[in-house]
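Q: Turn these sequences into a full structure, and let the hints steer you where they fit.
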Amino acid sequence: GAVVSQHPSRVICKSGTSVKIECRSLDFQATTMFWYRQFPKQSLMLMATSNEGSKATYEQGVEKDKFLINHASLTLSTLTVTSAHPEDSSFYICSASRLATGGRDTQYFGPGTRLTVL
Amino acid sequence: GNSVTQMEGPVTLSEEAFLTINCTYTATGYPSLFWYVQYPGEGLQLLLKATKADDKGSNKGFEATYRKETTSFHLEKGSVQVSDSAVYFCALSEGDDMRFGAGTRLTVKP
Numbered sequence: 051g052a053v054v055s056q057h058p059s060r061v062i063c064k065s066g067t068s069v070k071i072e073c074r075s076l077d078f079q080a081t082t083m084f085w086y087r088q089f090p091k092q093s094l095m096l097m098a099t100s101n102e103g104s105k106a107t108y109e110q111g112v113e114k115d116k117f118l119i120n121h122a123s124l125t126l127s128t129l130t131v132t133s134a135h136p137e138d139s140s141f142y143i144c145s146a147s148r149l150a151t152g153g154r155d156t157q158y159f160g161p162g163t164r165l166t167v168l
Numbered sequence: 057g058n059s060v061t062q063m064e065g066p067v068t069l070s071e072e073a074f075l076t077i078n079c080t081y082t083a084t085g086y087p088s089l090f091w092y093v094q095y096p097g098e099g100l101q102l103l104l105k106a107t108k109a110d111d112k113g114s115n116k117g118f119e120a121t122y123r124k125e126t127t128s129f130h131l132e133k134g135s136v137q138v139s140d141s142a143v144y145f146c147a148l149s150e151g152d153d154m155r156f157g158a159g160t161r162l163t164v165k166p
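From first to last, the protein sequence lines are chains Y and C. If you're matching positions, the first sequence starts at 51 in the numbering used here and goes up one per residue. If you're matching positions, the second sequence starts at 57 in the numbering used here and goes up one per residue.
Hint data in this document are derived by calculation from the structure and do not stem from the laboratory. Remember, predicted model here, so these are calculated numbers, not experimental data. Even glycine gets a Cβ: it sits at the ideal position worked out from N, Cα and C. Check each hint, because a few of them may be wrong.
Think about it this way: if two alpha-carbon atoms lie no more than 20 angstroms apart in a straight line, the pair counts; the simulated EDC-like pairs of lysine to aspartate or glutamate are [said to hold, decoys possible]:
1. K116(C) / E98(C)
2. K114(Y) / E98(C)
3. K108(C) / E150(C)
4. K70(Y) / D152(C)
5. K91(Y) / D152(C)
6. K105(Y) / E137(Y)
7. K116(C) / D153(C)
8. K124(C) / D153(C)
9. K165(C) / E72(C)
10. K105(Y) / D115(Y)
11. K116(Y) / D138(Y)
12. K91(Y) / E71(C)
13. K105(Y) / E98(C)
14. K114(Y) / E137(Y)
15. K116(Y) / E137(Y)
16. K91(Y) / D110(C)
17. K70(Y) / E137(Y)
18. K91(Y) / D111(C)
19. K64(Y) / E137(Y)
20. K64(Y) / D138(Y)
21. K112(C) / E132(C)
22. K114(Y) / E102(Y)
23. K112(C) / E150(C)
24. K91(Y) / E150(C)
To be clear about the criterion: a stretch of chain C counts as covered by chain Y if any three or more of its residues have a C-beta under 8 angstroms from a C-beta of chain Y, and this derived list gives those stretches [unchecked claim]:
25. 74 to 82
26. 120 to 126
27. 150 to 163
A: Written as structure tokens, this is what we have:
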């Protein structure tokens, strides 16, 4: 089946630095990629929807200048957490949407990235 | 390792029919369980969740009960509507390990 990877799986950084997280669809072209974050024992929260070659659409309350999303190709989307602070510590998950037979999208999820900001 | 197995779709029902989407899980510890819904072109939305055995999550007429003895978290709704047409994902979360089912596409016809 289709595979979505995320890199890195874990990252620890100092407050004020920027961190880039990559999401790749390994064997298919993703029409759309989604970025989520999850707080401990909570549900996923959609942060933004990313379409290749266009600006990401951010959910209400998500700072677009803080969480920069670049979807440069049909197999790669990146999330950059700029000037990270401890409250940005979270588990970030991406998913990639693959156009399947009959025009139906199928979702594939990455394994997630644990960000810890000291 | 942890895993989620979800009933394969697609599922097609008439309006007001009863819905069940089966979900079973394998976990080493005590995960939280979730049902998410995804409408065309949109991201996942949390539908309901349960964090411990025997908890029942409910929302918008949907229900699911965390059954540890059968390792299940089946989604049910007594009377579906056309607006319920979407893809439904069962998921578990245990620490940094989050697993999703493959998704079940539901189509409700008038």
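Q: Are the Cα positions of K114(Y) and E98(C) separated by 20 angstroms at most?
A: The hint holds at about 18 angstroms.
Q: Verify the proposed pairing of K64(Y) with D138(Y), using a straight-line Cα cut of 20 angstroms.
A: holds (11 angstroms)
Q: Please verify the coverage claim for the segment 150 to 163 of chain C: does it have three or more residues whose C-beta sits within 8 angstroms of some C-beta in chain Y?
A: holds (count 5)
Q: CA of K112(C) to CA of E132(C), is that 20 angstroms or under?
A: holds (11 angstroms)
Q: Just to make sure I understand the rule, a stretch counts as covered if three or more of its residues have a C-beta closer than 8 angstroms to a C-beta of the chain. Does the segment 74 to 82 of chain C meet that for chain Y?
A: violated (count 0)
Q: Mind checking the alpha carbons of K91(Y) and D152(C) for me, to see if they're no more than 20 angstroms apart?
A: Holds, at roughly 10 angstroms.
Q: Has the given pair, K105(Y) with E137(Y), been kept, meaning a C-alpha gap of at most 20 angstroms?
A: violated (25 angstroms)
Q: Is the hinted pair K91(Y) and D111(C) satisfied, with a Cα-Cα distance of at most 20 angstroms?
A: Judged against 20 angstroms, a Cα distance of about 15 angstroms means the pair holds.
Q: Need the status of pair K112(C), E150(C): alpha-carbon distance at most 20 angstroms?
A: holds (18 angstroms)
Q: Compare the distance between the alpha carbons of K105(Y) and D115(Y) with 20 angstroms, and conclude whether the hinted pair is satisfied.
A: holds (12 angstroms)
Q: Assess, step by step, whether the Cα of K64(Y) is no farther than 20 angstroms from the Cα of E137(Y), and give holds or violated.
A: holds (12 angstroms)
Q: Is the Cα-Cα distance between K91(Y) and E71(C) 20 angstroms or less?
A: With a Cα-Cα distance of about 35 angstroms, the restraint between K91(Y) and E71(C) is violated, given a limit of 20 angstroms.
Hint check: violations occur at hints 6, 7, 12, 25, 26; the rest are consistent with the structure.
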